[in-house]
Structures are given as C-alpha cells and as structure tokens.
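Peer 1: Chains A and B, in that order, give the protein sequences.
Add 14 to the 1-based position in the first sequence for the working numbering, that's all there is to it.
Add 2 to the 1-based position in the second sequence for the working numbering, that's all there is to it.
None of these hints come from the bench; they were simulated from the model.
Nothing false has been slipped in among the hints.
Not everything, but these chain B residues come out facing chain A in the computed CB check (under 10 angstroms):
no., residue
1, Asp844
2, Lys858
3, Asp862
We treat Cβ as the ideally placed atom computed from N, Cα and C, and that holds for glycine.
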Amino acid sequence: MKKETLSILGHELVPEHILMDESEVKELLDKYKIKRVQLPKIKVSDPAINGLGAKVGDVVEITRQSRTAGKALSFRLIIE
Amino acid sequence: MRLKRIKGIKFGLLSPKEIRKMSASKIITPDTYGEDGFPIELGLVNQRIGVIDPGLRCKTCGGRMGECPGHFGHIELAAPIIHVGYAKMIYRMLAATCRRCGKVLLGEEARAKFLDGIEQQKEKQADVGDVVKLVFKEAAKNDVCPFCDEIQKRIKYDKPTGYIEIDKEDKERRLMPTDVRERLEKIPDEDIPLFGMDPKNARPEWMIITVLPVPPVTARPSITLESGQRSEDDLTHKLVDIIRINQRFMENRDAGAPQLIIEDLWELLQYHISTYFNNEIPSIPPARHRSGRPLKTMTQRLKGKEGRFRGSLSGKRVNFSARTVISPDPEIEIDEVGVPKDIAKELTINVNVTERNLEAIRETLKRGSEHPGANYVRRSDDKKVKVTETNHELLAEELGVGWKVERHLQDGDIVLFNRQPSLHRLSIMAHYVRVMPGRTFRLNPTVCPPYNADYDGDEMNMHVLQTEEARAEAKILMAVKRNIMSPRFGRPIIGGIHDYITGLFILTWGEKRFEKEKAQDMLHRINIHDLGEPAGTFESSSSIQVPYWTGKQLFGRILPKQMDLQFRGVVCEKCIERGEKCKKENCPREAYVVIKEGNLVCGVIDEMAIGSFKGKIIEQIFRLYGEDEAKKFINDAARLAINCIKQSGFSFGISDEDIPKEGKVQIREEAVYAAEHKVEELIRAYDAEELEALPGRSLEETLELLIMQELGRARDDAGDIAERYLGIENAAVLMAKSGARGSMLNLTQMAACVGQQSVRGERINRGYQGRTLPHFKSGDRRAEAHGFVRASFKDGLTATEYFLHAVGGREALVDTAVRTSQSGYFQRRLINALQDLEVKNDGTVRETRGTVVQFKYGDDGVDPSKSECGKVVDIDEIISDIVEEDVGA
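Pulled out of the complex, with its shape left as it was, chain B reads as follows:
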C-alpha cells in the first residue's frame, strides 16, 4: 500500500444521509446469534459489518478476521431523538433563533460585526469560542425577531434533553424532538457561521438523531466464556435495548396507540440512546447490567485514566518487556543489569542470518531452548517455526543465509531499564545485559540515585530494543555512562552512596598503614597490580623492616595519572565563613583535599569527593578524561571501598549511643535543665508583664518565639556535649561526618535529647482547652507541657513525651502524603504544557508552530549537564588555576 500523508483534519457532524451512505447494513433484529450458532442477517452481530469469528468472511469486503476492519451499520429511528452531547448547544440555538423564520435574532449591524469578528479569529488561527459565546448571549436578549417581527417565547432547558417554551402568560409547552428539529432546519445557511460552524460540515439539525450509526462488531467484540456461553459487549447490550424500544414504538404508532403511550415510549427511547452515548449523565439513573454493574458506554470508553486516550493511546502495554524486584550486586559494572535466566529465555532479539554470523547462530540454534538459544526462526520462505526440543538440531542444520532467528537475550545486549515514577530522563537509561541465576534484576548500588531506587522491594522494568537504530540511539544517548552528569544541576548524579563513602573515608582518614599483602588484596581485584613505591617501612616483631603503603597512596592508584585537583570536603567546618583562616593542608579535620599528579597528597575522601550529587573527583574526571574514564573510576572507587571496609568490618549497635555518666549529667544540667529554667524565667517575666514585644509581634507570640529559640538551643547544646563524648571512632559519627548516611541531629536525638516537637512550626498547642493533656494544668506554658522531649530515644520517652512526639510525627507523615500527590499532579501539568518545546539549532526554544518561546535557551544557552554547576564557566577555578601557575613559575 502506498503511504499517504495527512493533510488536515476536519471535525463536523454526521448527516443522516452520510450515515446511510457509509452503512453496510440496516440493523433491524435485536438478536445476535441464531440457533445454528451463526450471526443473524440484519442482526446486531451481522456478517456485513465485520467478523469476529475465525473462519468466517466479511460479506462486505471479503476479508477474514483480522483483515476486515469492520463496517458501520445503521438503525432507522422511528422518531427523532436529541443527542445528549449536543443538548446544551441545541438549547442555545433555540434561544438565539426566531421561532418562525429561523434567522439568528441579531440586527443587520450586529450580525455583520460578529461575522467579521469570527473571520478575524479564524485568520489568526485562534479560538472563535469567545465570539460565539457573545453571539448566543446577544441574540437571546432579543424578544422580537428583527426580520419577521415575530414575538419570541422564552425557552427553558429541562435537563438533560427537554426543552420547554414559555409564553407571556407563563403557559408552558413541551417541545418534542420533531419540533426542535423543524426549528433548527429553518436556520438559513448564511447564519450558521455565527455559531462557529460550517454549514457544509455541520448543519444544526444533524444534532438531532434520526438515523443511528451502529459501530462495527470489531469495535464491540463478544467474548466466549469458559462454559461456552457468549457474553456480549456493553455497547451491544445497549444497542439491543435501542432496537427493541424502537420497534415497539413503531408497532404502537402504526396500531394507532394513544398519545400518552407513544410519548412514554419516545421518552424511553430517548433514555436508551442518551445512556448509549454517556452513562454518567447527572439526573438520569445509569443503565445497568443484569448483575447491577453500570454499563460502560461510548463516553466511558474514552474518558479518564483508563480511557482510550490516556489508557490506550498515550500509554499502553508493550511486548519485549520484563518487570521484577531489584537487588544489589556491587560486583557488576555500573552500566550493567543482572537479568534472571528465566527472563533472558523469554525475551528475544531478532537477528538476520548472514554469511558472517551463520556459524555463530547455528551454534545458538543447536542449543535449542537451553539458555543462549533461540525461541523462533523465520525461514527464507517466510514461514515461522517454533524451536522445540525435537526440531532444534534439524533447524540448525537447515539454517541458511536469509533466515531470521529470534534468539535469547545474551550478555552484552543493550536494554532500557526504568523505575517509576519516571520523573526525569535519568529514570530510563540503557544498560548492558548480564544473564544471571536467581529471580531478581541485579543493579549496581551506585546507579540507585538517578532511579531513586532502594532494595526494600522496589520493582523495575526492562525493555529489549528490537531494531538496530534503537540500539544505536540507546547506546549514544541513554547509556548510563552518558548520564553520569545530571542535566538538572551539572554535577554527577551517579556516585558512591552509604558504605562506599564510609569505606573510602576509613581508607583515607589519617595515616593508615597497609602491608604489601593487604594492599594487594584490596587492589588486585580492580586490576591494579603496581602498588608504586612504599611510603616507608616499620619494624616487625621479628625486627625485620617491612615496607608499608598508606591508605591515601592506595586511593591515588585509582586516579588518572596526571590529575590535579583541590577542594574542601563535607567535613570542612567553614572556617572562612567564621572569619578564621583556612589552614588548608594543615586542616585538623583533613577537609582540604589536594590531588597532585594523580596522588592524594592530603585530605580525606568523603561525600564531596565521590558521593552522588556532589562528587568533585568524578566531575573532574568526567570533564577532563571523558565518560569511560569516569565510569571506570566509579567502578574502581566502589570496589576499593568495599574491599577496604571488608577488612575491618563496620557496624553500629545500641551501645554506640552510650554516653558516659558524666556526659549524661552534663547534658541534663547544662543543656536541658538550664533551658527549662530559662523558659520558666521567660514565663515569669511574661506573667509579670516585664517582657517586651518584638517588632510586629504580640506579647504572646514573642514569648512563644523566645521559648522555641531557647528550647531549640537546648537540643543543639545537648548534641554538642554528646559529640564531645562520641568521637570519629563511633560509627554513627563517622557516617554523619563523612556524609555516608544520617546526620549529627539523628545521633543527638538518639543519644542526648529528642528536643522540641512542633506542629506547623509552633509548639504543640492542640488538645484540651488551655492544655495539651490532662496531665498538665490549664494554662501551663512550661516546656514539658507543650511537647519538649527531654529524653533521648536511647533513654526512652515518658508517656506524655511519647504522646506529644506522636502528635508531631503525624504532621510529617501527612505532609509527605500530601506533597507526593500534589507534586505528581503538578508534574503532569508541566509535562503537558512543555512537551512539544524544542531547542533549535540557533539556540532558540520554540513550540511546534515555530513561535519563539525563549530567544536563548535559559537566557544563556547553556546545557547544565555540560556546565560547571549550571554556570557557563567557573571563574573562581580559572583564577585559582592561573594564580597557582604564576606561583609555580
């Protein structure tokens, strides 16, 4: 078939003539299948309007099931029916046109003005809706026709499909659909554009249905239940109802039944056709299935998340995909994904057999359905054959050039890997397959941050690429190593987390000495066999001089040879901001990291060096040495960290929260009691009216503010005291300081003092009148009575403390629940608004029509993932580079 190009889309109404013309069959019988099991002639499941039974042929086009797309049929309605979808529009038109001559109730002048306005809007390709709205509003105001001087009556819209005419004496008359249609027919073609319609495509009277199109059976297929019984589609059920009532209506009318009965049937037919279009119309009861389930009719098929648009067209289920739980594997490369063998055997890649790969594929085929095998072959005569236990050897022998083989997923194949919610482009990246035993996807922990994944039961999806173009594109644009730099903030998003940071921190902190054996043990598995010169020797017990290497030295082995870099780690205490001088190389915390010619001269490796989101070293390597080197470094660093932390082990227990007795006393006396005392002092001052209000605040607010400040300080003080007793040898302190996990605040709360609980940034004030709990006196303002928890988690909370802590904790829970749903919806709206914007080659951002949105992308034309933290250039770095060169020279 020749490819055709869509030139335009036209929207309009179907005219009865058109419906009859496109109909392949008249539908008269409300039944579907006859007693012989074949579809009934002129029935609803009609062989002229499409086939759904295998083996039968379409009587219209001769196509078999799957070939014939289906054809429309039609039902001749005994009386016209209002289309619910247009009911409001019909009302507006009735109110805006003359009841005798049908012209729009506008004077010549106004008419011309509005027509001109609509014409202008169309020229601008803008919406005519606003002008049309004005037309209806103005025309409905006229109660005398300017053309035939007919006095107009008021029209009342009786929802959902009734119209009532009211005259001056308040006499009401119901307009039947026939009357309505008559009136709409009278509207002259010249007046139709005033309603924003084109009379050739949409005459108003076509909004009243006289002929009902019947969708092809392919659009409402029946399903055969296990019992052999047929179950018809909801639409078919509805059509059956319509035909039945339609017939009854006709019979009754022909028999000359009384007007009352006719009107009742008419109403009933209207109900069935209305619910056929939309079964969720307010004010009418929904049509139900025999079981009581509301029927899913036209509108319900299209609307909402699972509807045709959002459910079937914007997103749908796909083949060549797999989903399972993820689990960590630090031994695989960062751009690999471990795929369970069972999945690899199910997912296939299509390969064309050529002279070059003939033998290799023959080997694959010989294995049959054993893992790196094949599931199907397509022979050169285009016949598809399933590979089975019995035929695989035969097929391998027959295999020839020109065949196509659907082979299993193998090591090295490229696949897309995704975790929902897909909030940014890094949520889908290309990984290389590594087939493994087990039932989970294996993922290197360093790529968790971009996916925001953890291993507490998260599931992820995998998609196997099917064409060479797709594979090339994935490799070039979506590969993990291509996406180490985040397009959001211009820093690496892939990097060390948790134990990786801890491991390297332990390795490089202070001067750790390693004998040759231990050093090699750590490095040989990352393929570094040259340890370099030892840092020195120490005397062993048998007084032999044993050479040793420092941890810093070993870390230097994984850095690129010529690398130079200086920065301050997360352990830095910002001496400069406090007005003190930075001691640089002599920093007692080893915060100043210096890398010279690929050696770690001083400083400790922490989150700032190799962590995801920060990762200065990763950033530098990516910029200067490229993505492959960066990938290698992340891999090496991760393995070195694991090898190092494995030597000593690393754990945290309840006893790590212990503080010596004198520390406990100090915390209680100096921090907690002191603060509580000060709070009481403040309350006394307030009661004695000695307190002075802060600017812009009431006396009461001032008091609360000062108390909050005082108690906030109490917790910090308690933390500071605790810190004095917990050194870097404490695992929690080490993790907090190095940025691996947790914070000093967490530790403070565990070991020293939980502190003030708050709701909406204030102390807890809710509960009973004047007090939070019955345990306190009304009007008690003391710290304890409003949610100050003086205990630590280790010590355990008192009953009142526990309760008030739960009050504060609830807010945090509610907050996260509300935030995620809100930000999800906000994201959806943003995506819908921005999805078609594109940065063109000239740097402008444009939408589809070519209209400029931004003259320069982001005002500066910079791609953040290729910038220094979002800036065009990092001037500080350049200056320090030049200064250093000058000093050196």
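If we strip away everything but chain A, and leave its shape as in the complex, we get:
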C-alpha cells in the first residue's frame, strides 16, 4: 500500500515558502550587502521545504502574516 503523505503547505498556519531563482538571490544579497551564510537558515528536512524540490544552498522567500506590518517578507538559506 502506498503511504499517503499529507502536505501541510496549504494550511493557514504555514506561511508561504517560495523557492527563489539564482538572479533573485543575487539581487537580495546585493540589496542587504551580505553573504549567503549570513541569511537566516532553515533545514532541508523542514516540512515546509519538503515539497518545494529545493536543495541545500537554495534560498526560499517566506511571506508571513505580521501583526505589525500586515505582510512581512523573510528569506532563509536551506541547510542540511
């Protein structure tokens, strides 16, 4: 029997994770004048990363609901 996996990505409590392409990442790093390792990190094993087809070293853009700003953007580097 095939094991059914539940995707949590559609849940309202899970913020939206989008994989960024390399040009976007470069733009981001230039904007904040930082190196890749200076980004906040997220584990590749994180359930929110699982379905994205992302690999270690990629960067995701996270859109969260924020009490202060309505919508807030964050970026995370995927690590092991």
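Chain B: place on chain A using the hints.
Peer 2: Just chain B now, kept in the frame of chain A:
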C-alpha cells in the same frame, strides 16, 4: 606603550615544558615568611613570583608593588596526577584507543569519515562536539584493535579520578596515573583531531599533571590582620598542603618505603591537587580550613554569581557613585534630582583649568571643603594635592592654567540615576543635580513610574559622569525629557500620578469659579501671570460685580497656544460599545474632552489626559511641540494640580465608607440574599437531578460554574447599589473614577460586600473531607460554606469568612513571590540571548557576525517610542482630522 589589537584567542593545554618555561621560580619550601619577616627563597611567597609587600622589588622584573603583575612559579610533582577537570575526558580517550598501539579504535573508513565531518564543521565555524561524541561512542564499541589486533579490555571509570581495567575473566586492575599517561602518550598525532583537539596545542598526556604551575602571589595575596598576624589566601594554604605531601612522597620513595605507603601518599597528593582545582567535587569531602570553613579554591573563584565572571567582570563596584533612600519633592523639576550636601561634597568632577574658567575655579578653591568647593587639585607638575583647611587659600592663589581640579558636585551637573531592578532602559536616566540639605535623594513624583519607585523606603543609585563625552551622551540619549515616551508602548511613561490626577480632576470638573486672587494664587508660581478674559461675573455680598475664571479656563493657560485635541477620558462609559450614541460635548460625565486653540472647551482632565501610561495631552504636546514643551507641561500641570488640591484639601476616612441604612438593607436583600437564594435553588436543582450540564462539562462542574457566576454577580450588584449612595463627592469614588488611585471594586469591598474568595479560579474546596471548616456540614454546597464573604470590610467579617478570606489571600501572596523570581530569571535569559543584536542603518536586525535576524526591525521598521501607540500611523486620527477640516470649510 603601543596599543595592540587582539587577533584571536587560542585555547589549549599547558605542556610541562611550557609550564617550566614560563616559571620564574621553582617552589620547594612549603613555608611562606621566614623569621626575619621576609619571604623565603624558593618558598610559596617568593620574591621572584611577584611582590605584595610595599617597598620590596620583584626579583624577576624589578617592578615594585602595583607595577609587577606577578609571575608563575612551578612545583615538580614526584608522581603524575590526574587533573580532575579532565578526568572524564581521559576516561573517554582510554576507552577509545588501543591499549597497545595507542591508535583510535576505528577502521580506516570510519576514521576518514569522522575526520571529514570534523573538518566540515570547522569550516562552518560550527561546534565539533557532536561529531566528537560519535567518535568516542563508535571507537569504544570495538574490542579488537583494527591495526594491531590487540584484544581490548574494558575500562571502568572510578569517580572522580580512578580508572580500572577489567579483562574477560572479570579480573580488575587499577591503572595508576603513570599507566594512564603512558597510554595517552602513545596516541599518534594524526589521531588527535578525531577528539576535536589540535596536537600542537593540546596533547592528551598533558591532561595528566607532572608539573604544577603556581600562580603568582599577586593572585593570592595574604592579608595582615589587626593583630599583626598574617593570614594567607586559601590557594596558598592548599599549595602548602600539596608541597608537603609531595615532599613526603619523595622522601618515602627514596627511602624505599613499602608500595602500600607509597600508594597511600599518592592518593593523598591526588586528593590535595583535585581539591586545589575544585573543592566541590561530588564524592570527595571538601578540604577545610582550620575553622571548619571549606576552602575557596580555583573553581570556586570563577563559578557562580559572586565568581570572577558574573561578580567581577560582568558587574563590579564602581567609584563616583552614591546610594540612599529617595523621598518626594514636587517643587523640583522633573529632570532634576535632589542630592544631599554630604554626598555632593564627596563626589567630584574633574575640570581642566583654562584661561576662561580660571577665576571661577579660583573662587571654588577659595571655599576649600565648604560646599561648592574642591577636594583635590593636580598641579601642572602632575602632583596631586589634597585640599585642606590649611592650604586651600594658598592653592587658590597658586592656581594656574593647566591645573586640574576635582571640584564638588554642583547644581546643574548631569548625573545618572538608577533604581534596581533595571528592567528596561528607563531604569537609568540622566538627571540634573540640585544640591539640598537632608540625607535623601529627592525625586519629582512624576518620574516614579519609569523607575517603578515609591517612597516607602526605596533606595536609588547615582553615578557621576567623569568625561565630557559621557556627559554629552547622557544629555542627548538618557535625559529624562528624552525618555518621556516609552519605547515599549509608544505612550508617555512619565506623567501625573495620584494627587496630580485628583487635583486636576477637581479643578476641571463641572464649572468651578475662582476669583482673581485665587486664580492668581494657583498660577503665579508656574510663572503664568496673564489670566486671560474672565468667564463672567457674579454678584458679591456687597453687590459688587466680581469677575471670575473657571477651572477649565485656568487649565487652558498651561496648554500650548495653538493646541487642538479631542479624546475620551477614563470616565467615559463606552456608550458606543453599548450601541448608544456618544453625546460628545454634552456628555453628562464630561468624558469627551475638547481642546481648541489651547483652551479646554469641554471635558474633565483625568488619567487619560495627563496620567503616566495614558497621557493623551502629554503625548500630543511631545509630538507636536517637542520634548522641552512636554517637560514644561508636565511640570506646570503637576504644580497646578498641587496648588488646586491644596485649596480645598483632600482626604478619605472611615466614614467615607458609610452607606445609609436603606442602602445597607438594599444591598443585603437585593444582592446578597437574592444571590444566596438562587445558589440554594441551583443546589436543589442539582440534587433533584434537574440541572442540565453545559457542553463539555460535568454536572458538578456546571453547578460550580453557575454558582460562581451567581455570586460574582452578587458582588457587582452590591457595588452598583453602593455606587448609587456614594457620589462623586466621595473621595474614593473620585479617585477611582478619575483613575488617580484604586478602583470601584476596592470601594465595593470596603463599603458593600467582599464577595467570593477563590483558589485557582474555583470556590474554596480544600480543608476537611467534604467541608472547608468544622462549622459546616459535610457536603454543604452553600455559598457561605465555600468562601463567599457577604460582609464588607467596614462591617467586619465573621470568623469563618475571615478564615476563608485568608485562604484566598494566601494564593495572591504566593503568586507574586513566584512570579517575580520566575520573571527575573526569564529576563536574564532573554538579555543573554538578545544583548548583541543591533538594528543596522538599513533597518535589518543583525547579530555580531552580521547574520540577519530580521530583515526589517519588528517587520515594519517602526520605533515604538516614535509611533502612535506602536502603529506607523493612526489612521482614525487622520480621517477625523480631514473630516473636521472639510466640515469647517
């Protein structure tokens, strides 16, 4: 000396070679001072390893006391000793390496894998601890050496410093430190990185001590008692023990003593060296002083709250500071602090004498140690001279440019003022000094809220700033007027409290009329001499038309000229939320405050207007007119309030809790008895099984819930009835309604009914089986039997009521005690975690390595102290502004 920059820090173990190299003297003699009173050569207090006696010179560097930092010595141990601090590490290494060839018990493949893993972690600047742990775990599993095929024996760790080898037949053999050292020596350099160590900095065998470094005497100074007797430091005592046993060990061994005696001495030496490092090792008795006090050795010096790190480096005692009790002084400015003269004469500020201040300082010096005088001068030849009764006039004459004078604290000097616990940045603010008679620090009551201070014996600290940079920084960043707005909630934290609110409430409530004399009396001391046009005239007894001013008018005089503002005060009863229309200007409670062009058109001034934490008017003035205007307003409002409340006086007594007889009856019948009756009704319904359970609750829970509700309502009803008999002319009601102090609940409990007591949100159920007290029948569920207090505090509680009230009161006491300690620890953890975070110029929050924590501070990049209640903009206000403009046009 040239300044040097620290490039890095390296941690490692000291090798015996290194210890000998850095040693200035071998230590052989266990004694300290000889009979001539001088330190003994090669003794523990040795002139080569530092000086602590004034007048003597160091034989190593030639420095005098204070110049010579001290030098290490060393003791050659007769036999190797296990270092307790590394005992566990040594055990792990013994278990992980081959007993014959010394290699780590890992196959080539595993070895390479782990080395690679450690390398990777290092590259990421991450902790290698986890990988190293795996190495030890995997290697210890192998019982045959993959390299030399030696069969391994099991190692048992015998706490704290013993190792026992057990072979297949369960035969035990004790490993002496010499054996252990031999084995560790055999571990090849190539295998050391597997343990997360660098063989150049830390060879495993260096964890076994063969040479003991002796700290310089400057690190363990002896103190001379009043009797002239010397008392040595604990570390010195311990070192004496070590040398003695070391010598005995050597003598016995050289004399060829039996193995048993040698081993005993070895064990003893191990004990002394172990306790020298740490005197709190579990399973060994602590070494004690002759008096029975445990010795404070190495680890004890460093550890804990009073240890080197938390006690001496993170926090320490400082000069130029003072501490005393605080007391109120409403006459001083909000950013001033009253400093007792005695303190002002002790604390000094260093001034450089220049052409411009020469004469002024000469005058200061002429006064000598009379208050605004000086304590010390440093002449241009750099010689420090104390100012005394005899020499101050001479010094004043000699005074010249280039001198430095330590003058007394004077009016107008800027100082830092602090009250512990320093929970937020407003706990330390900069105040201006005002020297006063008396022995307490004087503080304007309006600045109590940020410090959370009151005058029931609180003490506060003052620090005098010593450099021009520090003073400038304090003035710009820490001045009280800069911190009127709280960075926590974007509202003023400094403002009126207690009588200030009462005073202005009395002034502006209704239409109070003041004759010219009284009006001027209130305003002239805040430097307002223009009363404006009178509101009207009234006829006096001698039928002359006398002009009068209203209280609202007088309050308007302290507002900025062009100010406009509308808001609802704390007296507002939220008509809108109840679906009724707000009567605005016609509000019967005067809750709707309108300020137009600097005049109070309608409404009453209460906590919402000028109180700390709320203070709408203060907030508006701070935003539109700046900090100086806001400071001035708070000062003026405070003084006006005091002047006003002084005219009529304001007090509260036991008779203010009196309610007329018909009121008492009404409370008893309509609130208390009615509720008790309903409770009995509920109990009857429950017993008759007529009660229906609420969703998700058992029948019993439902009953309790309904009873609680009913009795809660009883107290509120009693309060409402009491309120009808106690009008705004009642002082307690006035204070509660205006937000000055207390609440209607407090008053209800005093005058009408104390109400239900609770423990953990339930009625009181503890005590005997089925009942709270022997006065009730078992299983009695009535209100009275479970902590409902029908009496008021004024009437007095019955014995059972009193007892059950104490039961409920205890919970509140325990709660506060537990909460403060818990929140204190939580705060410490938060501070440790967040202290290095910084908001950078691009709006990101980063830690020290530059790693981003937040891409925009607080997601919106807003500084709460500069925002409207934490929001970027207050849209409601903008809309109402625009709407009003349109209507006006």
